[in-house]
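> Got chain A sorted already, so can you dock chain B onto it with the hints?
Taken in order, these protein sequences are the chains called A and B. Following the working numbering, the numbering of the first sequence begins with 1 at its first residue and continues without gaps. Following the working numbering, the numbering of the second sequence begins with 1 at its first residue and continues without gaps.
Treat the hints as calculated values from the structure; they're not laboratory data. It is possible that some hints are incorrect.
What the hints assert, rightly or not - Here are the simulated DSS-like pairs of lysine-lysine, each with C-alpha atoms no more than 25 Å apart in a straight line:
# : chain 1 : residue 1 : chain 2 : residue 2
1 : B       : K100      : B       : K68
2 : B       : K57       : B       : K72
3 : B       : K100      : B       : K57
4 : A       : K65       : B       : K100
5 : B       : K71       : B       : K100
6 : B       : K100      : A       : K57
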Amino acid sequence: EAAVTQSPRNKVAVTGGKVTLSCNQTNNHNNMYWYRQDTGHGLRLIHYSYGAGSTEKGDIPDGYKASRPSQENFSLILELATPSQTSVYFCASGDARDEQYFGPGTRLTVL
Amino acid sequence: QQQVRQSPQSLTVWEGETAILNCSYENSAFDYFPWYQQFPGEGPALLISILSVSDKKEDGRFTIFFNKREKKLSLHIADSQPGDSATYFCAASEGTGGYKVVFGSGTRLLVSP
Numbered sequence: 001e002a003a004v005t006q007s008p009r010n011k012v013a014v015t016g017g018k019v020t021l022s023c024n025q026t027n028n029h030n031n032m033y034w035y036r037q038d039t040g041h042g043l044r045l046i047h048y049s050y051g052a053g054s055t056e057k058g059d060i061p062d063g064y065k066a067s068r069p070s071q072e073n074f075s076l077i078l079e080l081a082t083p084s085q086t087s088v089y090f091c092a093s094g095d096a097r098d099e100q101y102f103g104p105g106t107r108l109t110v111l
Numbered sequence: 001q002q003q004v005r006q007s008p009q010s011l012t013v014w015e016g017e018t019a020i021l022n023c024s025y026e027n028s029a030f031d032y033f034p035w036y037q038q039f040p041g042e043g044p045a046l047l048i049s050i051l052s053v054s055d056k057k058e059d060g061r062f063t064i065f066f067n068k069r070e071k072k073l074s075l076h077i078a079d080s081q082p083g084d085s086a087t088y089f090c091a092a093s094e095g096t097g098g099y100k101v102v103f104g105s106g107t108r109l110l111v112s113p
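Pulled out of the complex, with its shape left as it was, chain A reads as follows:
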């Protein structure tokens, strides 16, 4: 069964600080995705990756970087966190558009 894990599950950061959200998948999927979920906006794509070493900008990439050092790991990096980045972040993996497997989410609060 698909397994996507995220860490940390909850994070409180200060404005201007650096935040790294990590995602690990054990499905050997090529594609991985980072979304943020906000009330009224649903899920919005931040960055995605087709495989190790690749990252692509999604629909709302400003203020975020991504890193895919291996098939299994995909990180989302906020170099200078701002309160507007307070949200719930979901990582997902998938080999085709047929299904994306989502992690449990990370709740980030930027004070």
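Frame of chain A; chain B shown alone:
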């Protein structure tokens, strides 16, 4: 500009009724439409999906009706159960573009016993 729109934002039905969740889209190139179900505190999970070559897809109590001409689709949940209470996301993607999926803003469904 939201490419995938859902209505209503929230919906309450009685146990045993049919819940109808609506979705519309703008991009004519979209040809695959998955619906995801999300329970509080969890990530979304694929519930049912349809390709644009079909006008109906059934899976147990869940049915998608698709109208390509009007760019509309709906998810019908028959014999709704309290356990169906969740947020439902309509999504869409096109054949090109690397498997990006665009999500709607969701419909929060509450099934009252």
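> Each of the hints needs a verdict: does it hold here or not?
Structure-based check of all given hints:
1. B:K100 - B:K68: Since the Cα atoms of K100 of chain B and K68 of chain B sit roughly 20 Å apart, the hinted pair holds (cutoff 25 Å).
2. B:K57 - B:K72: holds (14 Å)
3. B:K100 - B:K57: holds (22 Å)
4. A:K65 - B:K100: Cα-Cα ~18 Å, so holds.
5. B:K71 - B:K100: Answer holds: K71 of chain B to K100 of chain B is near 19 Å, not above 25 Å.
6. B:K100 - A:K57: Holds, at about 11 Å.
In this structure, none of the earlier numbered hints is contradicted; all agree with it.
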